[in-house]
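**Q** Take a look at the letters that make up each chain.
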Amino acid sequence: MTSPGDAERAVEAVLFAATEPMTADAIRAHVGVDVRAPLLALAAHYAGRGVNLVCRGERWHFQTAPDLAHLLRRDREEPRRLSRAGVETLAIVAYHEPVTRAEIEAIRGVAVAKGTLDVLMEAGWVRPAGRREVPGRPLVYATTPHFLAHFGLASRRDLPGMEDLRAAGLLDPVDLALEVEKTREED
Amino acid sequence: MTSPGDAERAVEAVLFAATEPMTADAIRAHVGVDVRAPLLALAAHYAGRGVNLVCRGERWHFQTAPDLAHLLRRDREEPRRLSRAGVETLAIVAYHEPVTRAEIEAIRGVAVAKGTLDVLMEAGWVRPAGRREVPGRPLVYATTPHFLAHFGLASRRDLPGMEDLRAAGLLDPVDLALEVEKTREED
Amino acid sequence: MAATDDRLTLDLDGWEGPLDLLLALARGQKVDLRAISILALVEQYLGFMERARALQLELAADYLVMAAWLAYLKSALLLPRDPAVEPDPDELALRLQLRLERLDAMRDTGARLMARDRLGRDVFARGAPEGLHNVKTAAWQVGFFDLATAYGRVAARTRPVFHVVADRQVMTLEAALERLVALLGVQIHWQRIERFLPDGTDGLRRSALASSFLAALELARQGRVTLRQAEPFAPLYLKAGA
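Chains as they are written, first to last, in the numbering used here: chain A, 1 to 187; chain B, 1001 to 1187; chain C, 2001 to 2242.
Where hints are given, some of them may not hold.
Dumping the calculated SDA-like pairs for lysine to any residue here, alpha-carbon to alpha-carbon at most 25 Å [unchecked claim]:
#1 K182/A with L2078/C
#2 K182/A with D2062/C
#3 K2074/C with S3/A
#4 K1114/B with S2037/C
#5 K2030/C with K114/A
#6 K182/A with D2146/C
#7 K182/A with S2037/C
#8 K114/A with S2075/C
#9 K1114/B with L2078/C
#10 K182/A with W2140/C
#11 K2074/C with E2091/C
#12 K2074/C with L178/A
No wet-lab data here; the hints were simulated from the structure.
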């Protein structure tokens, strides 16, 4: 075992002590030196261990290795189950963000119940992200860094099936898809 | 680097996720195998790192390496803008000192929040300067030498007079209506 | 949601609106949604509604609206195509299919998302982090201009716009200069400065003395007058010329 350098030890200590995932800049503010190389070295060091260093949405944190879940889940409560409406709404926000409530409703075919977005915001997965500059200036919603951390995503590009959905046009609105279909028929 | 064994990885994950220091027996209950050897192997592995595995009173836990504890605390000066109420209150103290809170309110035309004077005192610009010998013996406030130094004033006589303010357009009645509106909103 | 047409329970509470029900029916066709028969789907939905009605189930308005719309779509699809009819029924059918595909995609990805290794369920952050502490001290920023502006603002806000200036007679420097030059022209000998002052109230005389003294200094600088004073606070004498 090679002994770790000072910077690596420092980054390791800070990230172990942190209560929230941290950006490289935030770590640097504590450690005082550039942390990119130490972060990569640490991630490599921990790769095969019972604890891993992961990066989610540019924020780094340690977490237990996924294959050990069975040891840890034992006496833990399952986080509150999300309703089907909640799951779908979360997926729509994640794959379409920033997205308005009306757009969510257009996809789901039903009104978004008042509590649905509240639950997602309370969980810290969804946040209001400004307004769309169209008549009525509706609020738009987007996911949070905490969403990426919770679902183990390095970025939104890692969302399951993201590329396929995009390639298949399934993230385009119906009107746009309709135009595409029509053009295809004409060709 | 040798890769850790299954038991070692399991113990590592369990101790990492634990909310309290754990006895070997408690760890064993999670992991299902004897944990003495893995614990010693882990302690050795972490010995030179930023985080150490330590045993205190037969209970094991991870903790930041003692020599790195200073990294967990960071003192930082944050530049902050003084609020509008703060600047106005400071100006009134400077022009009218020694002045009571009631007098400041009378001059400002709006109530002075307790926090406003606290901030000015915290900044070291204003100090309590005794009491006025009237019923209720209210505290009077005055500026500090630090106030003069901060604003580059040799003495309070260097503050611009009303004529200077007028000449500089700072008493422009055109702005008056607007200012009053803004103040009302703010309060 | 593997229910097929035959086994669909008629519990409408189980569906999140007509689109949800349609998607369940469409999945029952067990084909790729892109190859789905909209006509068959319409039949199924309408059949479902029929049975619900036969059981005298209370049907929510949006289900009935969808039923009416689908009945219209069905007849339009079955009739020979009339290009004058707008909107084109094929386009309506395609639109419905696209909506189903999109809802299906989101339902599918939602499930995949939920099945990931989730922090706090499958993977865990450190249970007892020491925590990082930022000790912040505020460095308050305010400039001199801000201060002057703020006072101006307060003063403008609270001081009356009209203010009365006490009636006070003054002699300006200009007036004193003019008077001094004129009087020196006719005086040849040393004269005390008081002799040059105009008559008037005490206030005016004080102002005139001050202004005349300044005027005398100015004239002396220009070499047009000579000043003489024996000692501090002694009478001040003026004479024309250097």
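**Q** Determine which of the earlier numbered hints do not hold for this structure and return their numbers in increasing order.
**A** 2, 3, 4, 5, 6, 8, 9, 10
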